[in-house]
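Student: Could you build the full structure based on these sequences and the hints that come with them?
Note that the protein sequences, when read in sequence, are chains A and B.
Going by the numbering used here, the residue at position 119 of the first sequence is 249; the numbering climbs one at a time, nothing skipped.
Going by the numbering used here, the residue at position 353 of the second sequence is 483; the numbering climbs one at a time, nothing skipped.
Keep in mind that the hints are not guaranteed to be accurate.
A few chain A residues facing chain B, derived, Cβ under 10 Å [what the hints assert, rightly or not]: (1) Ser141; (2) Trp149; (3) Tyr167; (4) His172.
A few chain B residues that don't get close to chain A, going by computed Cβ distances all over 10 Å [as the list claims (entries may be wrong)]: (5) Asp319; (6) Pro441; (7) Arg471.
Calculated directly from the structure, the hints in this document are not laboratory data.
Note that beta-carbon positions come from the ideal geometry of N, C-alpha and C, so glycine has one too.
There are 2 protein chains.
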Amino acid sequence: MNERPAMLEQSATIYFGPWYRRSPFFEATRRAGCTAYDVYNHMLLPAYYDDPITEYWALLNDVVVWDVAVERTVEIRGKDADRLVDMLTCRDLTTCQVKQGKYMIVTAPDGGILNDPVLLHVDRDRWWMQLADSDAGLYALGAAVSSNLDVEIDYPDAYPMQVQGAKAARVLERLVGPAIYDLKYYWCDRFEIGDIPVLISRTGWTAVQGFEIDLLDPDRGDDLWDAVFAAGEGLGIRATAPIEARRIEAGIMNYNSDMTHEDTPLHIMGLERLVEDQPQDYIGKAALEDLKARGVDRKLVGIQWAGEELPAELSWFWPVIRDGEPIGKVTDAVWSPRLERNIGYAWVPIELAAPGNRLDVESEHGPLAVTTAAIPFIDPRKEVPAAPLKAD
Amino acid sequence: MNERPAMLEQSATIYFGPWYRRSPFFEATRRAGCTAYDVYNHMLLPAYYDDPITEYWALLNDVVVWDVAVERTVEIRGKDADRLVDMLTCRDLTTCQVKQGKYMIVTAPDGGILNDPVLLHVDRDRWWMQLADSDAGLYALGAAVSSNLDVEIDYPDAYPMQVQGAKAARVLERLVGPAIYDLKYYWCDRFEIGDIPVLISRTGWTAVQGFEIDLLDPDRGDDLWDAVFAAGEGLGIRATAPIEARRIEAGIMNYNSDMTHEDTPLHIMGLERLVEDQPQDYIGKAALEDLKARGVDRKLVGIQWAGEELPAELSWFWPVIRDGEPIGKVTDAVWSPRLERNIGYAWVPIELAAPGNRLDVESEHGPLAVTTAAIPFIDPRKEVPAAPLKAD
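Tutor: Here you go:
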């Protein structure tokens, strides 16, 4: 459907094969017109249905559905599950209630970021990490081996689909009734949609009103998909790819491109607060406390520039240049329809990290002059996604 | 270049982006005409240059080059590196000499297969796992955390390229001199190609004569590529995708499709011997010894059938059916030009695992009757790849 030539230039064919895990919604995404896929956690992730600008406005004005079954669910359960999960992250989970969730940073011994899942405390002594694109379940498994902790780790059938946008709650109300209005931001609960068992969390990758519906029976993918679209009738519901412009406006990071094991949360504008002071030990604590005391020498920050709308996202990192030498790299670049300028993120030396510094960038489309900026670009306090779902 | 319609039917577009790690040979593969890529260890893997049958004969008669930088290298080093690596696998590594390699199975606590890298003992107290498609480096990192072992784990710059085929040794001789003839099967050594530092191992995914050249300086990808092709002049050298027909003839397994964490080496025909008796402990030992005593209830075995050449590999597992019920699944299916029949692998109940049993399969192309077979289909003792490189 009218893929942009600038996007297709940096593309190739991908063959489907049994070496990719298959989403329960895969056939539905094909029928819905998905023409491009990424691979994420060994599974195909829809990457193109329609023009990104069209999909952006559908999210902001109506409601969109994404197959994100790629967010592989790792369950850690057992008597010592609370302790193991808390050891794996720089966040303090001791106050995380049952049915509450957290944005989690999985930390390496050196403080590096190994994954940034949504963590759901689904039951007493039972946690779900819904992973970004790395096999952090293997890290948990390894860490458990010689820990003497009484835990079990496996991969339950739980396949998320995001329902996000201005009218998301109305869709969910039609699916599970007004109980949806009791679900607080970043909390979760179990429901049935018809006779399909699901867990619903008020989370997502858009930082607008939205939900993730976890399908708990992998054979019911088509049924859930059809039920959601039936509930969205008249509300402009449509299937979309992840909406990068909104993701970047919101200061949300993409693991493997914006940040990797080489980086700690202290290096990322907006994530510093996730290194939480706590009496208990966790993996990477010594390294992170040391780094916090010393300070970081580089940072991932926002960038922005006026001018023509970018025709495509970057296909590879763009170097940031000073005096002819690379001093950093751009990791994201996209046109923001609401801000009416191009925005993105870049790694820069710490002395250039404050907003308002000018940077020279060698983009795929020629040289660019950009300016550093604070992130999130819009709604820095996440008031939009956390707002009451319904005026009382 | 003449992609088969049956292959393209089960395909889509993939956009390049910085969320995929980039092979040092990526630009060279594009120039060489690669039109399709897989994603493997978060990196693009060439999947199509020319017809698979053409590439098969180029391997058997001449020499082919694959970019397999996707085989991500994890280095484990330090005083206790020998112990940690030996703990991670059911193989007994205590006799693995410096510069020797092993086909490794990384085992989970439950005996499941987490990865099947080529393991190279590159130096004293220094090992490289060159990974199949899972982040088993995170498993090693987790296992090290609470082990009290004195090790360091990271990802060195080491990007393999396979040079495989009947004339591979002649190419290598032109690159590094006659010293290549001293390299024993599954051993490795350091060389320079011009001024490019490399490590060369006599390993590969074809079980014919072949080598993997590890590029140790990521900025020299084009230089190494060009040097290899210059050395192959007159020998019919060409870049190819992985050659599945030869891989399957040889009984080589593909992680994530043929076998996963759900399976142990005792479940895979030909891998049982890798659960080696040893006095020392390793992760999964109790589970594997118990399973060995009890016996497995299902097995991955060979299958074969005559008739028309399959037009494409499978895009998803094909069910094996008995009395209308699924009892297993086909994981691979390909035309073998030398055997002049279709071959593959299937998971079957143990009572059907012996060669010669008839199975009913629901393929993407309609019902099939296949027969179980021993694997490897050709050269079960690996005499071809282990043969002297040069007649004395």
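Student: If a hint holds in the structure, say so; if it does not, say that too.
Tutor: Checked hints:
A hinted interface residue such as Ser141 (chain A) counts as satisfied when its beta carbon comes closer than 10 Å to some beta carbon of chain B; here the least separation is about 5 Å, so the hint holds. Contact between Trp149 (chain A) and chain B, as hinted, is supported at the beta carbon level, the nearest pair being about 4 Å apart and thus within 10 Å. Checking Tyr167 (chain A) against chain B: minimum C-beta separation of about 5 Å stays under 10 Å; hint holds. Given the 10 Å rule on beta carbons, the hint for His172 (chain A) holds: about 6 Å separates it from the nearest Cβ of chain B.
Every CB of chain A lies more than 10 Å from the CB of Asp319 (chain B), the least distance being 30 Å, so the non-interface label holds. The beta carbon of Pro441 (chain B) is kept farther than 10 Å from every beta carbon of chain A, the shortest such distance being approximately 13 Å. Every beta carbon of chain A lies more than 10 Å from that of Arg471 (chain B), the smallest distance being close to 21 Å; the non-interface claim holds.
Going down the numbered hints, you'll see the structure goes against none, and every one checks out.
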